[in-house]
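Visitor: Dock chain B against the given chain A, drawing on the hints supplied.
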Amino acid sequence: MDTPSVRAHTLRQKYPQKHNHYNFADFFQFNESEGTIADWNGSRNILTSEDFIIGLLEGLEEEVGAASAAVMYSIGVEWGKQDSLFFDQWFEREYKVSPQQANLMFLLETWWWPFTAQGWGRWEIDMADRQQGFMFINLFDSAVARTLGDVGKPVCYLYAGLYAGFFTEMVRKQLSCIEIQCYSMGETYCKFLLGAKERIDAAAFWLNEGATAIDIEKRLRSGEPLS
Amino acid sequence: MLSQLQTLVREVDGRYATDTELLFLQNYLQTARLRFSAYQKIQKAEKDIIRQVKQKLKATNPKLLRRGKVDFSAKWQRDAVSGLRFCAHALLVADEEGLEENFLLWFQSVMRSFKAQKSCDITYKAMQDIVRQYLTPQEAELFCPILAQARLLLGQ
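Chains as they are written, first to last, in our numbering: chain A, 20 to 246; chain B, 52 to 207.
The shape of chain A in the complex, shown without the other chains:
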């Protein structure tokens, strides 16, 4: 997990031109005298255990019941929005080019690399339907789903919020996101759908009715009415 900036990474100051800095030893800086961990971009990181994730989710569920999913999603949205602004700064500092001028896929991969280094999992973006106003994100090794195991329902609301928040800020257009397939449902990886609210609401409805991720993909690609 990371929180806003602590202090600069000394390795980055020494080798600012180094872009392949995502292995554990390079990416993290352990400031022993302060008891803090900074990452390459100067963000403060905290190491947590799987017990912490379980405790967080179960504690929240005990407090607010079914609304815990919405709470996690909202936390993710705020995180994604803030991270988008933070990302703009470090991307431009590192690559000497503004995010608007960069190749889109490269930009997105660069955004996600710190998350991969932090243990949030690897991803794959499917932008084939971008012109139609939606896209899919496949997430491998979700920290949340991997921790909770097979519980028979989607659990990665934090990620869905994170994607919604980040992309909303990036394209300056309100976007929503829903997890339509999850490792915690016995699948091999998690799949998210990102798009306008009405499209995500329709997908949520179809999902409730028992549709699978493949069904939802087919319906969206065939241009099925949303209501």
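Keep in mind the hints are simulated off the structure, nothing from the lab. One should not assume that every hint holds.
Pair ranges (Cβ atoms, derived) [said to hold, decoys possible]:
| hint | chain 1 | residue 1 | chain 2 | residue 2 | range |
| --- | --- | --- | --- | --- | --- |
| 1 | A | Thr231 | B | Glu72 | 45 to 55 Å |
| 2 | B | Lys169 | A | Glu243 | 56 to 66 Å |
| 3 | B | Ala68 | A | Arg191 | 50 to 60 Å |
Residues from chain B shown here face chain A by an in silico Cβ test under 7 Å; the list is partial [claimed, not checked]:
| hint | residue |
| --- | --- |
| 4 | Phe75 |
| 5 | Gln128 |
| 6 | Asn153 |
| 7 | Trp157 |
| 8 | Gln159 |
Where a beta carbon is used, it is the ideal one built from N, C-alpha and C, also for glycine.
Guide: For chain B alone, kept in the frame of chain A given last:
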């Protein structure tokens, strides 16, 4: 070797390492001279190797270094030099694992972003053929599998 050395230091804590645990170090020492000499030859021949790879790439598919009116030759050259240097470094310290973790996985995402898998596939295949001109068969036997690893990850 470096990754394995780190693991060894971590795991052999307060005891002596077993013969099996030291096997990689013995293997390294047996090939160290070859690795040093190959590394130095690659370093000396870098310009020629890259020039020949470029010629081969252009001969195979001249469109790979051009998209519309944009010429990607300079960018390709920078990436190819960088890839060759990382692979040579992995050869020197016998650390294919580190090469993958520190460079290839990240570079794979960059190459995929720019849809450059095809040119990577040809580049690292050609590199394997061309470096043989500069290395002894024993040196090439150590280096070419590393280039093949790069081709496998970057070329698809």
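Visitor: Against each hint, give a clear statement of whether it holds in the structure.
Guide: Verification of the hints:
1. Separated by about 48 Å at the C-beta atoms, threonine 231 (chain A) and glutamate 72 (chain B) satisfy the suggested range of 45 to 55 Å.
2. Lysine 169 (chain B) and glutamate 243 (chain A) have their C-beta atoms about 36 Å apart, which leaves the hinted 56 to 66 Å range violated.
3. Checking the proposed 50 to 60 Å range against alanine 68 (chain B) and arginine 191 (chain A) shows it holds: the Cβ atoms sit about 58 Å from each other.
4. Below 7 Å, beta-carbon pairs count as interface contacts, and phenylalanine 75 (chain B) has none with chain A, the closest being about 19 Å; its hint is therefore violated.
5. Of the supplied interface hints, the one on glutamine 128 (chain B) is violated, with its beta-carbon coming no nearer than about 17 Å to a beta-carbon of chain A, more than 7 Å.
6. Taken as an interface hint, asparagine 153 (chain B) checks out: its beta carbon lies about 5 Å from the nearest beta carbon of chain A, inside 7 Å.
7. Satisfaction of the interface hint for tryptophan 157 (chain B) is found here, the shortest Cβ-Cβ separation to chain A being roughly 5 Å, below the 7 Å cut-off.
8. Taken as an interface hint, glutamine 159 (chain B) does not check out: its beta carbon lies about 10 Å from the nearest beta carbon of chain A, beyond 7 Å.
Checked against the numbered hints above, the structure violates hints 2, 4, 5 and 8; every other hint is satisfied.
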